[in-house]
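**Q** Residues per chain are reported as follows:
There are 2 protein chains.
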Amino acid sequence: MKLALVQLNYHIGNFEENSKKIIHHIQKAKDRGVDLVAFSELAICGYPPLDLLTRQEFVEAAIRSIEEIATYCNGIAAVVGGPSLNPLARGKQLHNSAWFLADGEVKEIIHKTLLPNYDVFDEYRYFQANQDFRVVNYKGRRIALTICEDLWDDQPTEAAFARNSLYTLSPMQKLAALKADFMVNIAASPFSYHQENVRKQVVCKKAAGYKVPVAYVNQVGANTELIFDGGSMMVNSEGNITHKVPTFREGWVDVETDDVDQETTNALVETDPIELIHDGLILGVRDYFRKSGLKKAVIGLSGGIDSAVTAAVAVKALGAENVHGVLLPSQYSSGHSVTDAEKLAENLGIEINTVAIKEIYESVENALSPVFEDREPDVTEENIQARIRGLLLMAYSNKFGHILLNTSNKSEAAVGYGTLYGDMNGGLSVLGDVYKTDVFKLARYFNRNGEMVPENTIVKPPSAELRPDQKDSDSLPDYDVLDSVLFRYIELNHSPKSIIEEGFKEEVVRKAVRLVNFNEYKRFQTPPILRVSGKAFGVGRRMPLVAKYDKL
Amino acid sequence: MKLALVQLNYHIGNFEENSKKIIHHIQKAKDRGVDLVAFSELAICGYPPLDLLTRQEFVEAAIRSIEEIATYCNGIAAVVGGPSLNPLARGKQLHNSAWFLADGEVKEIIHKTLLPNYDVFDEYRYFQANQDFRVVNYKGRRIALTICEDLWDDQPTEAAFARNSLYTLSPMQKLAALKADFMVNIAASPFSYHQENVRKQVVCKKAAGYKVPVAYVNQVGANTELIFDGGSMMVNSEGNITHKVPTFREGWVDVETDDVDQETTNALVETDPIELIHDGLILGVRDYFRKSGLKKAVIGLSGGIDSAVTAAVAVKALGAENVHGVLLPSQYSSGHSVTDAEKLAENLGIEINTVAIKEIYESVENALSPVFEDREPDVTEENIQARIRGLLLMAYSNKFGHILLNTSNKSEAAVGYGTLYGDMNGGLSVLGDVYKTDVFKLARYFNRNGEMVPENTIVKPPSAELRPDQKDSDSLPDYDVLDSVLFRYIELNHSPKSIIEEGFKEEVVRKAVRLVNFNEYKRFQTPPILRVSGKAFGVGRRMPLVAKYDKL
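So the sequence lines, in the order shown, correspond to chains D and U.
Numbering of the first sequence is given in numbering that gives the first Met the number 0, commencing with residue 0 and proceeding in unit increments.
Numbering of the second sequence is given in numbering that gives the first Met the number 0, commencing with residue 0 and proceeding in unit increments.
Quick caveat, the hints were computed from the structure, so don't treat them as lab data.
Careful: at least some of the hints might be erroneous.
Given that identical chains are not distinguished, each listed pair holds provided it fits within a single copy or across any two copies.
Claimed, not checked - Cross-link-like lysine to aspartate or glutamate pairs, in silico, EDC-like; alpha carbons within 16 Å at most: (1) Lys550 <-> Glu15; (2) Lys294 <-> Glu372; (3) Lys398 <-> Glu380; (4) Lys547 <-> Glu16; (5) Lys173 <-> Glu380.
Same shape as in the complex, but just chain D:
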């Protein structure tokens, strides 16, 4: 049987465009003599639709669209992901389903069993779990259909939250007993630099373990914070990857399912995390703009590494002609802050403006002097500078319709080293899930074929330049130590005590943890952050603001 794995980029709620894409690929596959074509999880509406699933008109439009797609399935069958109605009066009103379409109609609707409800996932909020295990018979083949998490039936730690212990057997075990000829797993599995490689290993392990060839079809493209890299693949029952769709873009492969088990080579290759982050961020920025009907970005260029790498990502994502830099020097800005930013603009080929903030700062100082009287300067004055910059960048954004890109990195976001309504402004945070030490690596990666980020920007010590001779290292531990502690606290969810036991200085750990906890209120108001790690700030990490747990 000739099976096509089609990896597409869907626009949430845009049923017209999503349907058109799906129908177009059904017709193209039919022309190639494909028997069965598979699209990803919730393809019809894009993933994650979130609370749009609670709106009746949304679900009705999704189902109507799938029924229309079915009419194009003559001489070819298709698996399309979409919500379906739970016919029972009990339980949640929807299933997360794989719709099997053939002979011009809906033949079968198979539901997802394991509904992830950890990290960024909220599937129990909307869906009722499957309880009915069967294979689909088509053209003499027994086809098992599973949806994303169903394949991941032995996750340790956090993912264990997703399992439903009311089942004695996992969906893979249940289906294995039914002896399918092959399995199609339709997925919407978000990217992280870690997940990319883990996913390949899991699909291979499951195919080999359950002795069934697995066609894995993931969506590609970014929807706000979540980036999907695709990585669709065919794995034979020996656990070898026999076919792959390239990551980070739309594409497909055709597979002769009866032949895959003869393949002995395994295309399993690990990709460097920095390269993955690079590709992911570019797709994340590009789709944020394209899917919102936007074209142009503005970035405040400080001469520092974060704004430089943000600009490099933006230029790759949107084109140099759509990226504008604004330099906002103050009396505390070093000479190199302007020259480094100018060099960056020259390297990237982007236009810039320079707006000095000194006079505005003085007018603010004057206006506040009767209120502040003779109080000493403190962090207030530093924040005023950052907020004047934020105000000017937003003014540029409003006047010219450019979207401000936020340039904060994950280390800063973690410890609150940034000014709310100042440098924390922006429509999208590009580097908010990238630690400072990785921002440096990204800069080097961007420069691999010639300088994009100026060398001086990479080698000079990081500084916010909000007071004379300020350095980040005045207030924070060295970034290599800080990032190691933060990674253990945030990504690995280790307790402060166990991080200290690993050999980090108690004082450093306690300070970092206290800053992370204290600054939940700042992160509450940050722009959406492109997620590239296993635990990003934002929807996947839900901490109370008003709480007391520093000493645990």
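Following the hints, put chain U in place on chain D, whose structure we already have.
**A** Positioned in the frame of chain D, the structure of chain U alone reads:
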């Protein structure tokens, strides 16, 4: 049996303080000859602890604290809400449990069955559902223990998402078969002006329907967005409320459980929603400050109704001496904007400063003129004014340690009638879940015993005063129409089509819906909003930012 229902205000993660409070009330109850004392759901850690539940050190501290409390339970038994470990290797690692403590030790741990996962609730993210139904025997009585949602076993519409259809019988039906003498339901049920009355009806209906007296113990106090009004009560098996703990504060009642069924009077009284909102907001502001170790608030006073009502709430919550107003007039401010704000400050007894923004505005204009060249003024210039005000208020906040209270109302937040990083600034949004028409009613309610909000502030037409003679009605439908449409779209989740069918003008509905959808990006970055309705912006309403669904 003498049962005490103890309604307390818990601090999330503060095990030391929470334990002390619980132990103190166990000892006081013992002195009064109480046999059994009941505390609310997850009392030991406060509700909602969110992802702190994924941290091992947090769960261990919770369990250690409960075990310590048990040692105080001699001659008295206690029911304390807290997480417990799921001993099975399958499923989620925790249960949401009622710990039954007696004879100095943990006697029983009963788990929650119905785990809500809709609106603000994410309990499937953390907890494994109960499958084992039994009563606790103590001093010759058969006591059924349930946790919050377990009682709500026939919810229509949205709450149906919480039900787990794998059970044929609900926990109430299972327990009814065990013929308990009475039930203790420990809850953490957040306040809304609607919920307050619904909850009484549900508890009465369930007690009568299952013929079992129900002791309902809710927590009180606010944790960031979520306000808990308490409303703990004893309901006999006839469905009559026989005992009540006053709402919105700590308190308790003692009940002779053997006698409750002799009571024939029902204390069921409906409270006016505006009074409930008033009480809820005051508690919300007070606890945000108190639990964060903060004392003082600053508010930008425009002379308009929103800032006036916000200031009135703050004065009631924090005391006039802890509230500071800043007047920030521009060249577009009407004369009454300053005099009305001054009158408000006089009525409330708060101190104010006045900082004119004209010169700062001119310095911004000058700085940007080489960039903007000869472009016409537009919304950019209005936003610059709002952002200068936001900057000055934050400077005051930083310098003096006052927390800025946000003054946006729900109508504005819905349609995006506000400036991000300008008037949308603040640590906490006081009125972000109160429609403009209800803000007027709240003003009248505040004035019931003498003028707090100046009459002229209430009667003049609302205006943002960002350009000459601007009125809200220039850009928005009249608030009574707008709020009716918004209520149907947001709270009732009606489709645009059905709202039009109800008789609202298509043009008005389509515009309102388009604005609500378009402005998800602004609301993404707003401060936490005190929740007083059944559907507030924030954690209980999760909409994708990058999506297209206007035309559905």
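**Q** Run every hint past the structure and note whether it holds.
**A** A quick look at each hint next to the structure:
1. Taking the shortest alpha-carbon separations for lysine 550 and glutamate 15, only the inter-copy value of 11 Å comes in at or below 16 Å, while the best intra-copy value is 53 Å.
2. For the homomeric pair lysine 294 and glutamate 372, neither the shortest alpha-carbon distance inside one copy (46 Å) nor that between copies (22 Å) is at most 16 Å.
3. Taking the shortest alpha-carbon separations for lysine 398 and glutamate 380, only the inter-copy value of 9 Å comes in at or below 16 Å, while the best intra-copy value is 27 Å.
4. For the identical chains of this complex, lysine 547 and glutamate 16 are inter-copy neighbours only, at 10 Å across copies versus 48 Å inside a copy, given an alpha-carbon limit of 16 Å.
5. Taking identical chains as interchangeable, the C-alpha atoms of lysine 173 and glutamate 380 are never at most 16 Å apart, the minima being 64 Å within one chain and 64 Å between chains.
Hint compliance for this structure: hints 2, 5 are broken, all remaining hints hold.
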